[in-house]
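**Q** With the sequences and hints as input, model every part of the structure.
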Amino acid sequence: MLTPRSTDVDARIHFKMSTKWTLTQESFDALLAWLDPDREQAGRKYEDIRRRLIKIFTCRGCATPEDLADESINRVMRRLKDIREGYTGDRALYFFGVAHKVFLEYIKNPPPPAQMPAPESSDETEREYTCLEHCVESLQPKNRELVIRYYQQEKRAKIDDRKQLAAQLGIALNALRIRAHRIRANLQKCMHECLERQEA
Amino acid sequence: MNLNLESPDVIRQYLLGMLAQEQYLRLEQRLLTSNDLLEEILIAEDELIDEYLRGELSETEQKNFVVCFLKAPERQQKLRFSKTFKRYIKSAGTEGTSEGAGSVSQAFSARDYLSRLTRVRSPVVTFSLAATLLVLLSGVSWVLVRRVMTPRGAHNSLVVRLTPKLVRDAGETNRILIPADVNTVRLQLALPDDDYKTYRAALRSSGGAEIWAGNNVTVNTVGVDGYVQFDLPAEILGPDDYKVTLSGHLSEDKYEDVTNYSFRVVR
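In order, the protein sequence lines correspond to chains F and Y. If you're matching positions, the first sequence starts at 1 in our numbering and goes up one per residue. If you're matching positions, the second sequence starts at 1001 in our numbering and goes up one per residue.
In short, the hints are calculated from the structure, not lab data. Glycine is no exception: its CB is placed at the ideal position from the N, C-alpha and C atoms. Each hint should be verified, as a subset may be incorrect.
What the hints assert, rightly or not - Covered stretches of chain Y (in silico footprint by chain F; criterion: 3 or more residues with CB under 8 angstroms from a CB of chain F, positions within the stretch not fixed):
| hint | region |
| --- | --- |
| 1 | 1007–1020 |
| 2 | 1026–1034 |
| 3 | 1042–1048 |
| 4 | 1065–1078 |
| 5 | 1199–1205 |
**A** Right, here's the structure in full:
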């Protein structure tokens, strides 16, 4: 597995080999340099672009969004020597153009529809619940109370309670919505890490 | 036709695969560069899943949800988590918090932060934090410091973790000893909240002059604890008292002050 040389670059950068073109350290370095002269910034931009491409392919209903995002990035790397000097504008938008072409090829030959995963067993459900409980208990008390209170109530009562909660915190309703979402996203990540530790 | 790409209705239609091609192409181009739109989409995904679980989607929306929205494994995982989360919230009720129901604390408190510190699992960090607490109690504050070996084996980088200033007494200050052979100091600032995706950090000396500033400082997480980090050349940190002001990025050039971190450099 090829890895970036600099020890300062976040270790989450990763990529896969294209079957028709050989990925090299040089081509990956060239891509990073094209994204930003500072390697650490370039690494973050790379990750960010990859994450957004995965989201786009996910939103387009693709069953393999990560593979398609990686293929798009590989194609940009292949073409880089031709576009590097003349390209102006936001680099991310070039990835978008390539990704759209990858998508059009994908829908011509989509993979067979994936089966929905089998319903989880009661053991798995209980393990997930226990992990989530642990994660919620690990929250700061004010975040714990915020997320529980935000997601309780139904319909009209929910809207009123959220307005009240936002007023108590001294923030706008949308800021509360964002804060609750971020806590929820962290809880999901925490729960999965807890499950992985149990399986290890 | 002018479409508000960040309106909840447009995003909802996008997620359900119900936007015309020209519209979703414009939205996706924006998605590649806009942090706000990306976050709105992530939030809208959760909200759509919640509506699905409550049976609030129309027949068409439900069909699109199952056929289109749930195709990606990532979304199937989100759905699974949301079911567990919903079950937890339902059972939590109003008895959920140890601080007492109904009272949402607005201010960041030293007690909350110290109780968080004791939940860290790593024995090395736990020991270090316990040592820090002991030192605080004795009136002299030290910070978590870790030396980083470079591949060549020379000690030339120092990692310093700071927590927000808990006491305002001028007699208690975090002290950092920077050895002569260190040329980079990496500051890791523990975040009181995770309200922002990026921050601005500004370093001031005791005279008040801003001697270093960094925009677009991003958040890292360990477990559910967030922090930001950046590198400073050691040469700018002469023996003096310093303050780092952390400001959350609101929009474009607008920042909002979040908290301060103080330390004293000794050589």
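**Q** Are any of the numbered hints broken by this structure? If so, which, sorted upward?
**A** 5
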